[in-house]
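Enquirer: Starting from the known structure of chain X, arrange chains P and V on it as the hints suggest.
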Amino acid sequence: MAELARDDRLRQGAGISIAERPARACIDLRGDVTDARFVHAVESVTDLRPPSQGLAAASGLLASLLWLGPDEWLVVSETQASGELCARLRQALRGVHAAVTEVGDARIVYAVAGPNARDVFAKGCPLDLHPRAFRPGQCAQTLLGKVSVLIHQVGQDPAYEVYVARSFADYAWAWLVTAAGEYLDGSEGK
Amino acid sequence: MLRIACPWCGPRAEIEFSYGGEAHIALPEAADALDDAAWAQYLFMRTNPKGRHLERWVHTHGCRRWFNVVRDTASERIAAVYQPGAEPPEDAR
Amino acid sequence: MSQPNRTAAGGRIDRERPLSFRFDGRHYVGHAGDTLASALLANDVHLVARSFKYHRPRGILSMGVEEPNALVQLGQGAYTTPNMRATQVELYQGLSAQSQNRWPSLSTDVGAINDRLSALLPAGFYYKTFMWPAALWMRYERGIRRMAGLGHAPREPDPDRYERMHAHCDVLVVGAGPAGLAAALAAGRAGARVIVADDQCEAGGQLLAERFEIAGRPALAWVGATLAELQALPEVRLLRRTAINAYYDHNFLVGCEQLPGERAKELSTVPRQRLWKIRAREVVLATGAIERPLVFPDNDRPGIMLAASVRGYLNRYGVKPGTRVVIATAADDAYRTALDLAGAGASIVAVADLRAQAAGYLPQQVRSRGIEVLTGARIVGTEGRMRVDAVRVQTGASRVRALACDLLAMCGGWMPSVHLFSQSRGKLEFDAGLGAFVPGAATQAVTCAGMVRGAPSLREALAQGFQAGAAAAARCGFDRIAKIECPPTLEPEETPIDASCAFRGTPGGGKQFVDWHNDVTVADVRLAAREGYDGIEHLKRYTTAGMGVDQGKTGNLNALALLAELRGVPVLEIGTTTFRPPYQPLAFGAIAGADSGALFDPVRRTPMHGWHERHGALFEDVGQWKRPWYYPRPAESMRQAVDRECLAVRAALGILDASTLGKIDIQGPDATEFIDRIYCNSFRTLAPGRCRYGLMLRQDGMVFDDGVSARLSEHHYLMSTTTGGAARVLAWLEEWLQTEWPRLRVYCTSVSEQYAQVAIAGPRCADMLAPLTDVKLDAMPPMSVREGSVAGIPARVFRISFSGAPGYEIAVAAGRGVELWTTLMGAGERFGITPYGTEAMHVLRAEKGFIIVGQETDGTVTPLDLGLDRMVAADKFFIGKRSLARADARRTDRKQLVGLLTESPQTVLPEGTQLILEPHDFAAAPRSPVAMAGHVTSSYYSANCGRSIALALVKAGISRLGETLYAPLDGQLVKVTLTAPCFLDAQAQVRRG
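Residue numbers (my numbering), protein chains in the order written: chain X, 1 to 190; chain P, 191 to 283; chain V, 284 to 1276.
Treat the hints loosely; a few may be bogus.
Just the calculated beta-carbon pair ranges, DEER-fashion [as the list claims (entries may be wrong)]:
1) X:V96 - V:T968: 21 to 29 Å
2) V:A498 - X:A19: 48 to 56 Å
3) V:A728 - X:A19: 22 to 30 Å
4) V:D297 - P:R242: 52 to 60 Å
5) X:R132 - V:Q359: 41 to 49 Å
6) P:D262 - V:M921: 51 to 59 Å
7) V:G1195 - P:E266: 39 to 47 Å
8) V:P1054 - X:H40: 27 to 35 Å
9) V:A498 - P:N238: 53 to 61 Å
10) P:Q273 - V:A1157: 32 to 40 Å
11) V:P853 - P:N238: 31 to 39 Å
Covered stretches of chain V, going by a simulated chain X footprint (3 or more residues, C-beta under 8 Å) [stated by the list, open to error]:
12) 370-382
13) 878-892
14) 941-953
15) 1092-1098
To give an idea of the chain P side of the interface with chain X (calculated C-beta under 10 Å), a few residues [what the hints assert, rightly or not]:
16) M191
17) P197
18) W198
19) A203
20) E206
21) G210
22) H243
23) H249
24) G252
25) D262
These are calculated hints, taken from the structure and not from any lab test. Ideal Cβ placement from N, Cα and C applies to all residues, glycine included.
Chain X on its own, in the form it takes in the complex (with noise of 0.2 Å):
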């Protein structure tokens, strides 16, 4: 029930913490890494360059630049505004094909941490996220229990935030209380 109040959802244990983030801007970008006015451009308003390498995101103070495809990349911010920070793009890329669109509205973030935290994605997501196969600093489009999800590791601890489309996020805030239930505090069960 996305008008309700999501301040109780946070949940923690001796070895995880499950909490929503506060929403923030998130912008997708497409464009053509190859091309060199296109990463200057996206340079010139973010300090980064959109990282060219599956998996790869990029942080800086402004934002970060996850890879989401070849030519596509989340560009997000918990410190710019995002119709601000949209514009900046659209005029900095002015005559060069790209695309900008604001969709952080359709995006919940939450933050999974703690050492259980790699147990409790191993209950739903087919990915490897043991130290050797996925490092801080990398984000990766996968499966949460069944909806699709990006989740960006954030800390060594280790810490991540999950990325997941607006009407799902009460499944897969469910589905992360239930998948980390027995590493809860008073665990009810739920």
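Expert: Showing chains P and V alone in chain X's frame:
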């Protein structure tokens, strides 16, 4: 369950992908000039071999990119993945 | 609390922790570390079951996964589970189990009459007997079904929790016996990520059942040290109680972990079973072997057990299953049982060895203890009603001797557990020395080690394990391996077994069972072969050998060896039936995992869902979405509510949550060209700021999706799709862009979830909206779009309508959807604003004859069938165009969209009702075929029309307008008249605008 190496995301579980049928079935340039039989041939007929098969997959729950796969339909061995529009790599022919 | 068969000391049980349990209502006591089987045997309970077909008394045959007899109903009520193998059930405090397939009790079972009637119940009995007359099959089947099966399924929903786990590793080792532990150690020391899975609660495998030594100390000391080292390696994970059940492609294996003890209580967060989905780069199968039973008359009495299992119960559980023991064998291994039992104080009556000679070290040891060893000795019969009490033995042609006993331990050698290897599509070979199948060439990255490979000794098993583990790790790039020293073992040489002795049976006498679980005897196999069912797959189906809970783990090899001999061909030529997952039974719940209840399928809700809920909406499932269906007021029926909503839209003002429609942002220099190829109608003539209804076809010319697309600027479109088609259409666009037209410079981005969208409809909608927005509504022509703000929220305003009434749709960021909605509700109050749901929306659009994809279309409907010829552009390429030119697409007798009016205006035909051309007397000729002319696709009561309306697909419908057809309904015929598919203001028809 197969393990498919997405050319962009690396090896992933089959459930992240969708199958797209036989590869290298190009839309005929002058479809209007084809007779019904030739059009049906394009639209419906597939080789369905036992053994080496060139086929299309899309990384639905990943980068959403289409690519081609050389898969042995009997052993399930995947010999190669390659870009749409490209020819299969030499060693996988 | 006496346990008469429990030894004074020894075994792996915890004698300080007694556990009480019940079997068939009687109380017993066992110990922590027991299985239900070992605890029953400790209490001298051998009779535990009745057999499947003949209801013969049966006891515990084995000690592990292969058990065919001791299947029990475990637990009660919702927690009950049938067909649990007592050998695989760990004992816990308060365990309660029941025997199966008997009435009224195990010792007095009415069904045992089948055993007397067995001459009438040969293999293939059901096929032969119930074939004729065919009409009676339904009656037979009911009776057969009542007799079939063993335990009973719970009637209540499963209250337990289950979950799945995905795991990845370099090397997966299946089995934690000596070979498996050695493999894990070698791979783990090399630094590889290792998973070791074993179905027992304790590692050690066969070593738990033996008194072997490794490096001069008891073998279990080596097991302990190895486990300690493995547990200290950070990349090694040991999965106990985890049976690897399936070996799929690309080294994907699935196992089921049984969490110990009593089934989890309701609301617990700990699951009962966990399904492990393991992807391994390399697999080492150290799955061991199963002891082969011997075939002889009445070889199924309680108290007749596999010899190594008898030894295992003694050494692992401290249970001596009998005190006066006869041993029948075709291999040296059973002499260990004789030695161990004698050491524990049992009296060994004799060892009856089928082989002509028994001169090896172990037989010598047995003889030196003064135990009689009979060679060339066949068991020709057994006695004892509920438990064996005598064995009849014949040596050569000599007189038959009866040996009194309370336990008969038999051994036909070892059969490697090649099940998983075979599932991996590895080839099997027949090892004549073992008389059994062993792994041959592999087709995946898998190696085998230990008894599964036929390793003849512990020394060899360890060596194979170390080698396999090290090599597997090296293939994964972990070759910095410390020198592995295989610890020395002290083992006697064994003389070879004579496997041919195992399966032949003895002419005459009682039933000689090949497959205990399915009551298949030597006679059944002979009969099947005689009747021509002489392929292994035919044999299985005809006799049921190898089916059921145990999947023939003990019986298969004897059955096919016998068949090979009957046919006079090598065993390899007979082959095996296909090994299929699961290797061991598992709960359906484990397969479902957590995907039940609220997590069964995602429920998608719009940003305004909470408002709808609070205002009494009932919801309709549209794909995974919950959409408001209608908003009944207190005491209002559905019909009343929908009528009220429909009237409000046409008379004043309605408001609908349209957020679920798919929305795709399409931009780039070639966007127009691309969209023109996707839609069958033309978009290049659409001016920026305007919208158009588009129809999308598949390559075969059939309607695939539809929606209104807006041209936001020269190279920028916003496409809308059906709610259910959103993901499908985006995938379709990407497929064409990426694979067929990569040169088109277009980017598609889903914005379905970015926007909350609200439709307002009715003559007063502009009156309400105008004061709230800076968009000049009167300057907006129908089918146009403007950017601006509504109620202070940045918004896109579309002048479009799916109801035919004047209308606007307003899109704002999803996070502000509720704000928009409540503002509109407030502003609309004085106009009588009425929220309406999908049902009213359906009625309103049907009044205008607007189709819904998936309702008027079903994948076989072209635009021409829908009467939308004018939307099919002739002057451009579009997907599906060529198919519309096919002769079949041009047929005039295709089903075409028409309107239907029933004779009585109050009759609302059910959707799906068939239509026929001529009246037919169904009462007189209920079974005579009638030609179908079409079917109803949509049908409603329309308050605005004051009567029922319907849409239908009717053969050659367009040429039949005005004709009368008939709809059979509840035994009556309803007369319907075909009309054009528009019921309201046909003159003022503006397509969706």
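Enquirer: Indicate, hint by hint, whether the structure satisfies it.
Expert: Status of the hints after comparison with the structure:
Taking the beta carbon of each, X:V96 and V:T968 are about 28 Å apart, inside 21 to 29 Å as hinted. Take V:A498 and X:A19: their Cβ atoms lie about 53 Å apart, and the range 48 to 56 Å holds. Take V:A728 and X:A19: their Cβ atoms lie about 41 Å apart, and the range 22 to 30 Å is violated. Distance hint check: the CB atoms of V:D297 and P:R242 are about 58 Å apart, consistent with the given range 52 to 60 Å.
A hinted range of 41 to 49 Å holds for the C-beta pair X:R132 and V:Q359, which are about 47 Å apart. At about 56 Å, the CB distance of P:D262 to V:M921 agrees with the hint of 51 to 59 Å. A C-beta distance of roughly 42 Å is found between V:G1195 and P:E266, which places it inside the suggested range of 39 to 47 Å. For the pair V:P1054 and X:H40, the supplied restraint of 27 to 35 Å is violated, since their beta-carbon distance comes to about 46 Å.
Range check, V:A498 to P:N238: Cβ separation about 58 Å, and the 53 to 61 Å hint holds. In this structure, P:Q273 and V:A1157 meet the distance hint of 32 to 40 Å, their C-beta atoms being roughly 36 Å apart. For V:P853 and P:N238, the Cβ-Cβ distance of about 35 Å falls inside the hinted range of 31 to 39 Å, so the restraint holds. Coverage of the stretch 370-382 of chain V by chain X is violated [criterion: at least 3 residues with CB-CB distance below 8 Å; count 0].
Counting residues of the stretch 878-892 of chain V whose CB lies closer than 8 Å to any CB of chain X gives 12, which reaches the minimum of 3, so the coverage claim holds. Interface restraint, the stretch 941-953 of chain V with chain X: holds (4 residues with C-beta to C-beta distance below 8 Å; minimum three). Chain X is given as covering the stretch 1092-1098 of chain V, and this holds because 3 residues of the stretch bring a CB closer than 8 Å to a CB of that chain, at least three being needed. Hint status for P:M191 relative to chain X: holds, with the closest Cβ pair at about 9 Å, below 10 Å.
Taking 10 Å as the C-beta cut-off, the interface hint given for P:P197 holds, the closest approach to chain X being about 9 Å. Taking 10 Å as the C-beta cut-off, the interface hint given for P:W198 holds, the closest approach to chain X being about 4 Å. With a least beta-carbon distance of about 4 Å to chain X, the hint placing P:A203 at the interface is held under the 10 Å criterion. Here the hint on P:E206 is kept, as its CB sits about 6 Å from the closest CB of chain X, short of 10 Å.
Taken as an interface hint, P:G210 does not check out: its beta carbon lies about 17 Å from the nearest beta carbon of chain X, beyond 10 Å. Against a cut-off of 10 Å between C-beta atoms, the interface hint on P:H243 is violated, since the closest Cβ of chain X lies about 24 Å away. Hint on P:H249 holds. Least Cβ distance to chain X is approximately 8 Å, under the 10 Å limit. Using the Cβ-Cβ criterion of 10 Å, the hint placing P:G252 at the interface with chain X is satisfied: the shortest such distance is roughly 5 Å.
Here the hint on P:D262 is broken, as its CB sits about 23 Å from the closest CB of chain X, past 10 Å.
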